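Engineer: In order, the protein sequence lines correspond to chains A and B.
With the numbering used here, the residue at position 443 of the first sequence is 443, and numbering never jumps.
With the numbering used here, the residue at position 135 of the second sequence is 135, and numbering never jumps.
It is worth saying that the hints were derived from the structure and are not from the lab.
Quick caveat, the model's predicted, so the values are computed rather than measured.
Hints should not be assumed to be uniformly reliable.
[Stated by the list, open to error] The following label-pair restraints were derived from C-beta to C-beta distances:
hint	chain 1	residue 1	chain 2	residue 2	range
1	A	Asn232	B	Ser147	26 to 34 Å
2	A	Asp437	B	Thr10	37 to 45 Å
3	A	Glu131	B	Gln171	45 to 53 Å
4	A	Arg23	B	Lys192	36 to 44 Å
[To be verified] Using 20 Å as the maximum straight-line C-alpha spacing, the simulated SDA-like pairs for lysine to any residue come out as follows:
hint	chain 1	residue 1	chain 2	residue 2
5	A	Lys41	B	Asp4
6	A	Lys263	B	Trp58
7	A	Lys38	B	Asp4
8	A	Lys38	B	Lys14
9	A	Lys41	B	Ile143
10	A	Lys438	A	Ser419
11	A	Lys41	B	Phe160
12	A	Lys41	B	Lys237
13	B	Lys172	A	Thr301
14	B	Lys237	A	Asp39
15	A	Lys344	B	Leu212
16	A	Lys38	B	His13
17	A	Lys263	B	Ser59
18	B	Lys7	A	Val123
19	B	Lys7	A	Glu5
20	B	Lys7	A	Tyr221
21	A	Lys344	B	Gln217
22	B	Lys172	A	Leu45
23	B	Lys237	A	Asp302
24	B	Lys172	A	Lys317
25	B	Lys192	A	Asp278
26	A	Lys317	B	Glu187
27	A	Lys41	B	Ser161
28	A	Lys41	B	Lys199
29	B	Lys7	A	Lys438
30	A	Lys41	B	Thr162
31	B	Lys172	A	Glu36
32	A	Lys38	B	Lys192
33	A	Lys41	B	Asp141
34	A	Lys344	B	Trp63
35	A	Lys41	B	Ile218
36	A	Lys263	B	Trp63
37	A	Lys64	B	Phe227
38	B	Lys199	A	Asp302
39	B	Lys237	A	Ser419
40	B	Lys7	A	Met22
A virtual CB, placed ideally from N, CA and C, is assigned to each residue, including glycine.
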Amino acid sequence: MTVEEDLAFGPANLGLSYEEVMRRVERSYTDLKISELKDRKPFELSGGQKQSVSIGGVYAMLPKIIVFDEPTSMLDPIGKERVFSIVKDINKQYGITIVLVEHEMSEIVKHADKVIVMNKGQVYLQGSVEEVFSQVGKLQELGLEIPQSIELSMRLKEDHYIDKVLLTPAQVIEACSGFQPKTPAAAAAPAPAVKQAAAAGDGREPMREPIIEVSHLRHSYLGDHDDLKDVNLTINKGEFVAIIGQNGAGKTTLARHIIGLLKPDAGAITVNGRAIADRSVAELSREVGYVFQNPDEQIFTDSVEDELRFGPRNLNKGSEYTDGIVEEVLQDIGLHKYREVWPKYLSKGERQRLAMGSIITMEPDVVIVDEPTTGQDWRETLWIMDLLRKLNQKGKTIIIITHNMEIVTRYCNRVLVMSQGELILDGTPKEIFTRRDKLKEAYLRPTDITYIAQNIAFMPDDIISVDEFYQVFREMVG
Amino acid sequence: MLVDYRKRDTYLHKTSPKVLLLGTLLVIVASILWTHPLYCGVMLGLLVILGKVAKFPWSQIKWFFKIIIIPVIFIMIIQAFSLDTSLLHSHYKEVILFYLLPGERLGFNLGGLLYGLAASMKIYMVVLAVAILGYTVSPSDFIQMISRLRFASRQFVFIFSTAWRFIPIIQKQIRHLLDAQKTRGMELDKGKLIERVRKLIPIVTPLLSNSLETGDQIALSMEARAFGAKTKNKFIKPMQYSLRDRLTNYLLLVALVLLIYAYTLGYGVL
Ligand SMILES: Nc1ncnc2c1ncn2[C@@H]1O[C@H](COP(=O)(O)OP(=O)(O)OP(=O)(O)O)[C@@H](O)[C@H]1O
Ligand SMILES: [Mg+2]
Numbered sequence: 001m002t003v004e005e006d007l008a009f010g011p012a013n014l015g016l017s018y019e020e021v022m023r024r025v026e027r028s029y030t031d032l033k034i035s036e037l038k039d040r041k042p043f044e045l046s047g048g049q050k051q052s053v054s055i056g057g058v059y060a061m062l063p064k065i066i067v068f069d070e071p072t073s074m075l076d077p078i079g080k081e082r083v084f085s086i087v088k089d090i091n092k093q094y095g096i097t098i099v100l101v102e103h104e105m106s107e108i109v110k111h112a113d114k115v116i117v118m119n120k121g122q123v124y125l126q127g128s129v130e131e132v133f134s135q136v137g138k139l140q141e142l143g144l145e146i147p148q149s150i151e152l153s154m155r156l157k158e159d160h161y162i163d164k165v166l167l168t169p170a171q172v173i174e175a176c177s178g179f180q181p182k183t184p185a186a187a188a189a190p191a192p193a194v195k196q197a198a199a200a201g202d203g204r205e206p207m208r209e210p211i212i213e214v215s216h217l218r219h220s221y222l223g224d225h226d227d228l229k230d231v232n233l234t235i236n237k238g239e240f241v242a243i244i245g246q247n248g249a250g251k252t253t254l255a256r257h258i259i260g261l262l263k264p265d266a267g268a269i270t271v272n273g274r275a276i277a278d279r280s281v282a283e284l285s286r287e288v289g290y291v292f293q294n295p296d297e298q299i300f301t302d303s304v305e306d307e308l309r310f311g312p313r314n315l316n317k318g319s320e321y322t323d324g325i326v327e328e329v330l331q332d333i334g335l336h337k338y339r340e341v342w343p344k345y346l347s348k349g350e351r352q353r354l355a356m357g358s359i360i361t362m363e364p365d366v367v368i369v370d371e372p373t374t375g376q377d378w379r380e381t382l383w384i385m386d387l388l389r390k391l392n393q394k395g396k397t398i399i400i401i402t403h404n405m406e407i408v409t410r411y412c413n414r415v416l417v418m419s420q421g422e423l424i425l426d427g428t429p430k431e432i433f434t435r436r437d438k439l440k441e442a443y444l445r446p447t448d449i450t451y452i453a454q455n456i457a458f459m460p461d462d463i464i465s466v467d468e469f470y471q472v473f474r475e476m477v478g
Numbered sequence: 001m002l003v004d005y006r007k008r009d010t011y012l013h014k015t016s017p018k019v020l021l022l023g024t025l026l027v028i029v030a031s032i033l034w035t036h037p038l039y040c041g042v043m044l045g046l047l048v049i050l051g052k053v054a055k056f057p058w059s060q061i062k063w064f065f066k067i068i069i070i071p072v073i074f075i076m077i078i079q080a081f082s083l084d085t086s087l088l089h090s091h092y093k094e095v096i097l098f099y100l101l102p103g104e105r106l107g108f109n110l111g112g113l114l115y116g117l118a119a120s121m122k123i124y125m126v127v128l129a130v131a132i133l134g135y136t137v138s139p140s141d142f143i144q145m146i147s148r149l150r151f152a153s154r155q156f157v158f159i160f161s162t163a164w165r166f167i168p169i170i171q172k173q174i175r176h177l178l179d180a181q182k183t184r185g186m187e188l189d190k191g192k193l194i195e196r197v198r199k200l201i202p203i204v205t206p207l208l209s210n211s212l213e214t215g216d217q218i219a220l221s222m223e224a225r226a227f228g229a230k231t232k233n234k235f236i237k238p239m240q241y242s243l244r245d246r247l248t249n250y251l252l253l254v255a256l257v258l259l260i261y262a263y264t265l266g267y268g269v270l
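The following block holds chain B by itself, in its conformation from the complex:
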C-alpha cells in the first residue's frame, strides 16, 4: 500500500467512503478518456488541493513520484518522435519543433509531446487519487462496505479482512528481519542492486516460517477474543451519510455524466 490510512480530523476524512469511492472512480474514468494535458493539469491541481485539505503526507509518496519521473520523461520524448499524429485532432500535430536527422526526418512533434505529457499526468492523477482514498478511508470501513454488498459471503469477508490484517504484519516482519541482519553486520544498504537482492535470499526461509507462526498467532488471539462465537455480531458502526455527502454524491454523478457526454463532443481530447 502506497500510503497508510491515518485517522485525521479533516473535511475529507469526514466524507462518507462511498462518496470518496465515487470521486476516485471519476478520476479513473477521466484518465481513461482524456488526452489533453490542460484538462489533466486542472484535475491534478484539484487533487493537490484536496490532498492539502486532507493533510496528505506528501513525503510518504515523494519517492514514488521520483522513481517514475524518468520513465515518464522517456514516454514523452518517444511520443514526440513517434506518435501517429493522425490520431490527434488539434492543430498542434502540425507543429514540428525540430528534426533529429537531416533531411527533415524524425521530427519532434509538439502534438506528440503534449500527448505524452497528458499520458504521464494521467499516471500521477490515478496514483494520487487512489493514495488519497487509501489515506482517508479506514480499512475497516472498506470491509464494512464490502460486507454489505450482496455478493459478499461471510467467508469472503473473513478472508478479505484477515488478509488485510496480515499485510502490515508481514511488512513489519520483513523490516524486522532486515534490521536484525543489519545490526549483525550484514551490509544491505550498500553495493550493487544485484548483490543486495542476492543478500535478501537468506530472509526468505525465516520469513516463511515466521509468517506461518504469525498466522497461528493471529488465529489464536482472534479466538481468544471470541471471534467465531456463536452469537451474532451486532456491532455495526453507524455509517454517517450526511446531507453534504448526499449532495456531493449527486454532484459527482452529474460530473461523471457530463464528463462522458463532453468527451463524445470532443472535449478533453487533444
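Next up, chain A with everything else stripped away, as it sits in the complex:
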C-alpha cells in the first residue's frame, strides 16, 4: 500500500471511474502539499504526515458532511492553516457541511460560522463566534483556552483603548495601528525592564554542564535521502528545551536517537559524558526517559498502577522506593482514582499523562516528551506543562517536541528549530520568534500575540506574551 493507493481507497469504493478517482487523489495530495509522499507507505511517515494523509483520504471522497475530530492536532502551524483553508474552500465550493471538533480556539475564531460548546455530555453554549466568545467568563470556567487576540482586546477594552472585544488578530492589528506612540524614541527601544520581567520560564539560569551532546548525527530510513543531516547540539543540565519544526522535519527521529531506539548512520551521541553507541536502550533508560508521540504505543499493561510500576521494577529500584514514587506520580498525573483501570478505557488526555507518568516513575535525568499536549484541552495542557516545570525545578532536564508555540513561549528557556533534517535555529523564545525569515523557511509561525506585535509598526518584534504586549503598549501609547 502506498499513500496514493490509500487516498484512492475511499473514492474507488464509491464506484467512481478510474480517471475520476485519480483526479481526486491528485487534487487531494496537491492541495494538502503531500505530493512528495505519494509513493511512500503510510506506516513510514511522521505523526503529522500520517494525519495529513488521513485528511486527504476523506477529502478525496467529497461527502456531503465531513466530521473532523481534532484533525490537525499534530500538524505544524502552517499545515494547520492549510487544512483550515482547504476545509473552508470545499465548504464554499461544494456546499459541504463541516463539523469540526477542536481544542484550538484561535482557529475556531478565524473560521467557524457556528460554535457549539459542550460540557459533561450537554450543549452548554451555542451561537455565532461573536455570541459565544463574548461570554469569556463562561468559557474560562470550563477551563477553555481564550485566544490571545481576545484576551488582549478584553484588556484594551477595560482600559478604554477600544470599545468592544475583538476576535481575530487582524481586527486587533487594525485597531491598535490607529494609535500613535507618545515619543518616537520610545518606539525604537522598549524598556529593558519589561523585557526581563516577561522572559519565559522561571528565570533561573540553567547550569552550563552538558548532559546530552550530539555531533555530526546523520540518519536515513530508506537509504535514498537523509532524514537527519549533520545535526550538532549540546543540551545542558537543567534546561527546559523545546524542539519545533514542520511535519517530517526529523524531530522524532532525533529524539529516538538520543534514547538509542534508532542507530545513527554516522556521528555520535553522548549522555552524561558517555558515548551511547554500545549501550542498550534499557541501560540508557536510567538516564534518559522518552515519552512516545503516540501514547498508545507506549502503554501495554493491564492497569494504570502496573504501568507505573513496570519501569522501576525493571531498574530494580526496590519496593519501598517504587511504592513511594508510584503513589506520588499517581497524584501528580491525576489518575489515583483509576489505579486498577485498564488503560485502554482512559481518555486520550489521561492516556497521555499515564505514558508520561510511566517514564517519570523511573526518575531519569532527562525527560524527552514527544508532543505532550496533542489532543488535550487547555486545562490539561497547562497541567501537563506545570508537571514538567515542577520536574525541571527539581533539576531534571526537560525536552519537549511540540507544535504549540504558546506553550513554547510560556515554559521553555531554549528553542531548537529543525527543518528538513537540519537544526537551523537555536536560542531563547524571544530570539527565535523574531527570525521571521528562518521561521518561514521552516514552515513555522509565532503565536498570535507575537504576530500581532510584529504587524503593528510601533511595537517591538519580540513580544511573546499578552502581559508583555499590554505593558509595552501602555507605556508607548500612554
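Start from chain A and add chain B with the ligands according to the hints.
Structural biologist: Chain B with the ligands in isolation, oriented as in the chain A frame:
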C-alpha cells in the same frame, strides 16, 4: 516478508508483474533441475545485475545471507564427504582431494563439493529472485492480478487483501511493544538467546489484545471509506502491457522450454 515493495522508477519496476512472475518461475524451475555450480553461478550473476538495475536494497537482505552462510558451508562439506557420487555424471566425482582418515577412508570428493556448492547457490538464487519480485511488484498489483483469476471469488480477494494489510500492522505493533518495553528498562538486547525469548512472553497478551482492536479499527476505517458500499467498484488500474513486456514474455517462455529441453540432454547437470 524479506524485502518490502518500494515504488521506484526503474526498468524492472516498469515491467509488467506478469512478466516478472514468469521470470521468477523460470529461476525456480532452474533451481529444481540444475546441479551444476557453473550454471547456477551464471544465473546468480544475472540476478545480481537485475537487482542492480532495479536499485535493490542489498542492505536489507544482507542479514539473511549472513545467517544462512554457516549452514551452507556445512552442507557443502557434508556433501563432499558423503555424497553418493554414482549419481553424478561428470569426471569430478573421481577427484578425491584428501582423506580425513588414514587408509584412504572418508575421502573429500570434489564432485560432492561442487554438488553442495550448487545446492547452496540454488538457495541464494531462489531467495534473491523472490525478494526482487516482492520489491518490484506492488502488493495491490498482485491483488489485482489475483482478483482477475477465474477461481478467485470476492471473499477470497477480500480475505487476501485484508490479510495483506494486516501483516505490516502486526509487524509494526511488535516493534512498538518491544520499543516501549526497552524504554522502560526491560533489557531485550543483551543476554542469552533463551533469556531473550523468555522475556518476549509478556508481549504476547498485549499483542493479542492489540491485534483484536486493530482488526476492529481497520474494519471501521474501511467502512468509513465506503468499503462494501452497494455500488460496484469500477476502479481498475489499467495494467500496462507494452510491446516490450510482450517480447520479454515470449523470450522467457522460450528460455523456459529450452532450459527443460537442455536438461533432458544433460545440460546443467553435474
Ligand atoms: N519508519 C520510517 N520509515 C521511513 N521513513 C520514515 C519513518 N519514520 C519517519 N520517516 C521519515 O523521516 C522524516 C522525519 O520524520 P520524523 O518522524 O522525525 O518527523 P517529525 O519532525 O517528528 O514530524 P511530526 O511533526 O509530523 O511528528 C519524515 O520525512 C518521515 O517521513
Ligand atoms: Mg514526530
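Engineer: Among the hints numbered above, which are violated by the structure, and what are their numbers in rising order?
Structural biologist: Hints 1, 4, 18, 23, 24, 28, 29, 31, 32, 34, 39 are the ones this structure does not satisfy, whereas the remaining hints hold.
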